[in-house]
Amino acid sequence: MTHAAIPVTHVKPVAMWGVTGVAVLFGAIFAGVMIGETPLPPRMVLAVFANRLWDAGHLVDPIDAGIIWSYRLPRTLVAAACGAGLALSGVVLQALVRNALADPYLLGVSAGAGTGAVAVSILGLGGGLIGISAGAFGGAALAFLLVAALARAAGGGSAQLILAGIAGSQLFNALTSFFIAKSANAEQARGIIFWLLGNLSGVRWPDVSLALPAAAIGLLACFWFARAMDAFSFGTSSAASLGIAVRPVQAVLIGATTLMTAIMVSIVGSIGFVGLVVPHAMRFIVGPRHGRLVPASALAGAVFLIAADVVSRILIPGQVVPIGVVTALVGAPGFALILLHNRRRP
Amino acid sequence: MRLAARDLGWTTGGKRIVDGVSLDIEPGETLGLVGPNGSGKSTLMRLLAGLAPRPKGTVQLDDAPIETLTRRQVAQRIAFVEQIADTSEALRVRDAVELGRTPWLSALAPFGEQDTQIVDDALAAVDMLAMAGNRWSTLSGGERQRVHIARALAQRPRLLMLDEPTNHLDIHHQLTLLRLVCRLPVTVVMALHDLNQAMCCDRIGVMDGGRLVACGPPAEVLTPQRLAMIFRVQATPLHDPFDETTQFRFRCLEDDI
Ligand SMILES: Nc1ncnc2c1ncn2[C@@H]1O[C@H](COP(=O)(O)OP(=O)(O)O)[C@@H](O)[C@H]1O
Ligand SMILES: [Mg+2]
Numbered sequence: 026m027t028h029a030a031i032p033v034t035h036v037k038p039v040a041m042w043g044v045t046g047v048a049v050l051f052g053a054i055f056a057g058v059m060i061g062e063t064p065l066p067p068r069m070v071l072a073v074f075a076n077r078l079w080d081a082g083h084l085v086d087p088i089d090a091g092i093i094w095s096y097r098l099p100r101t102l103v104a105a106a107c108g109a110g111l112a113l114s115g116v117v118l119q120a121l122v123r124n125a126l127a128d129p130y131l132l133g134v135s136a137g138a139g140t141g142a143v144a145v146s147i148l149g150l151g152g153g154l155i156g157i158s159a160g161a162f163g164g165a166a167l168a169f170l171l172v173a174a175l176a177r178a179a180g181g182g183s184a185q186l187i188l189a190g191i192a193g194s195q196l197f198n199a200l201t202s203f204f205i206a207k208s209a210n211a212e213q214a215r216g217i218i219f220w221l222l223g224n225l226s227g228v229r230w231p232d233v234s235l236a237l238p239a240a241a242i243g244l245l246a247c248f249w250f251a252r253a254m255d256a257f258s259f260g261t262s263s264a265a266s267l268g269i270a271v272r273p274v275q276a277v278l279i280g281a282t283t284l285m286t287a288i289m290v291s292i293v294g295s296i297g298f299v300g301l302v303v304p305h306a307m308r309f310i311v312g313p314r315h316g317r318l319v320p321a322s323a324l325a326g327a328v329f330l331i332a333a334d335v336v337s338r339i340l341i342p343g344q345v346v347p348i349g350v351v352t353a354l355v356g357a358p359g360f361a362l363i364l365l366h367n368r369r370r371p
Numbered sequence: 685m686r687l688a689a690r691d692l693g694w695t696t697g698g699k700r701i702v703d704g705v706s707l708d709i710e711p712g713e714t715l716g717l718v719g720p721n722g723s724g725k726s727t728l729m730r731l732l733a734g735l736a737p738r739p740k741g742t743v744q745l746d747d748a749p750i751e752t753l754t755r756r757q758v759a760q761r762i763a764f765v766e767q768i769a770d771t772s773e774a775l776r777v778r779d780a781v782e783l784g785r786t787p788w789l790s791a792l793a794p795f796g797e798q799d800t801q802i803v804d805d806a807l808a809a810v811d812m813l814a815m816a817g818n819r820w821s822t823l824s825g826g827e828r829q830r831v832h833i834a835r836a837l838a839q840r841p842r843l844l845m846l847d848e849p850t851n852h853l854d855i856h857h858q859l860t861l862l863r864l865v866c867r868l869p870v871t872v873v874m875a876l877h878d879l880n881q882a883m884c885c886d887r888i889g890v891m892d893g894g895r896l897v898a899c900g901p902p903a904e905v906l907t908p909q910r911l912a913m914i915f916r917v918q919a920t921p922l923h924d925p926f927d928e929t930t931q932f933r934f935r936c937l938e939d940d941i
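Note that the protein sequences, when read in sequence, are chains A and B.
Residues in the first sequence are numbered consecutively from 26, following this note's numbering.
Residues in the second sequence are numbered consecutively from 685, following this note's numbering.
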């Protein structure tokens, strides 16, 4: 029967990859909860999960239970959400801007978030009514609006968006340094620089309830528009002739990406290189079609950031290395490898 | 599908690139657009396909004004092969042709067996089936052109717009492409540079300075007088006894001065 043959050949690999992906993600989350300065045995982690999820009543040291449930699990979940979100932002921007360099940080979003955070924490903007995260979100949105307006005024092409993003990033980074130099004492300056380099140690459950939905919505939007992003391969004009409503699709995808990045940056600070390296590495493995690139990048980004967070916790005993430093230390050589591998042959 | 354009115009930087073009395209016909470089052929085709921003005038597809259709609905009717379109993505030939199915698919209507068949047919039509797995970056200019045309065919349009489709093609593929295009049961509008090849169209439109200065059967439109005026060449009609056709041989008018 031909009818039976279709699902067997077509659906099975998709389902298989889906199950594998989810298994890998759960494995990474589990490892992220286990590994740390005090390694915790898998049985204890399972026991705590069982206690929390269905009152299993296993006997666990309450301090260990606290580390697992209130500290490591939310931290690992946020790392996964941020990694997926930043990687997806990179996928979207590289597809729409048609530039391999595009990533959420290039468009000034993270620089603006930094300025917003500094304005709140050092200048006291908002009079204590708004937190650092809210300040970062406002700064990110403001920076992106400025960059988008400048790019539009300059003609609205993808090169213009990148150039405007560079100008915006420089401006907001300079503002951040200016505020720090002008008003911060040594203690504050150290704290804010630490935050700017990315930091997950303050993450708790409320952050999870912000980061997970943001990543989920971003993933859904990317799945929904996977074909549209494929259609941009030959440029916007070609996309239009393939039936893509170019402006609305660009607006929705870039808007969602900015929102997602702003939320992530406001929770964990700026973590570079994920949005740049992960999509390129995944293109290399699963190819350029977005039907595969989107889930692969989301998964790889999540696993990559969980791993980077673990490394940042255990690299120097008794001290947390900023996660942005870890991602850059791994990401820069990784990117160099991809560059060398993809070099154009004469 | 019938396309009716009235008083089409497009202005940029205060310059009229296309001006006052009215044109009816009948179902199933092949219309060739000829004209010197920069005469507005590409822009007119973009206007006809509803792809140019801020157009003047109206385009009707059957009875629907084009601006009342969504981009997706237009793309289900009209496929457009641009003069230049390149990618830096590591796409393969089949990927590029599968893009042609975009207007027929959605997140809820995924790529199916029938789409695979249509893509295979399109690849076969341009003689690229054997190269379906090759990377875009490794293709020659002519092979890329054929893949673009396959992509447009995979779109299963009722109107096919080709902007200088024979560019980059070797003579064999130029002729097979034109034969393919003329035999397709769809309406075709194509910009051509080779006036002898344009003779195989049902009608020819001549563009000059953004205006459609003549439109009709090839023998009526491409007269030696008009060719002298528009292209500044002297055209000598020659008889080819092989298939009893008339071909032009051209000389630069300036040469005679
Ligand atoms: N987007 C644009 N901006 C400015 N000038 C344009 C644009 N598109 C086309 N032109 C100009 O319009 C004229 C006609 O272009 P085109 O339609 O491509 O001619 P053809 O295809 O007949 O060679 C050219 O002089 C070209 O420089
Ligand atoms: Mg042209």
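I should point out that these hints are in silico values taken from the structure, not numbers from a laboratory.
Be aware that a few hints might be false.
FRET-style restraints, in silico, Cβ to Cβ [stated by the list, open to error]:
no., chain 1, residue 1, chain 2, residue 2, range
1, A, Val49, B, Asp886, 52 to 62 Å
2, A, Ala361, B, Gly817, 27 to 37 Å
3, A, Thr45, B, Thr754, 35 to 45 Å
Every value quoted in this text rests on a predicted model; they were computed, and no experiment measured them.
Every residue, glycine too, gets a C-beta built ideally from N, C-alpha and C.
We went through each hint and held it up to the structure:
1. The supplied range of 52 to 62 Å is met by valine 49/A and aspartate 886/B, whose beta-carbon atoms lie about 59 Å from each other.
2. For alanine 361/A and glycine 817/B, the Cβ-Cβ distance of about 29 Å falls inside the hinted range of 27 to 37 Å, so the restraint holds.
3. Checking the proposed 35 to 45 Å range against threonine 45/A and threonine 754/B shows it holds: the Cβ atoms sit about 38 Å from each other.
When the structure is compared with the earlier hints, no violation turns up for any of them.
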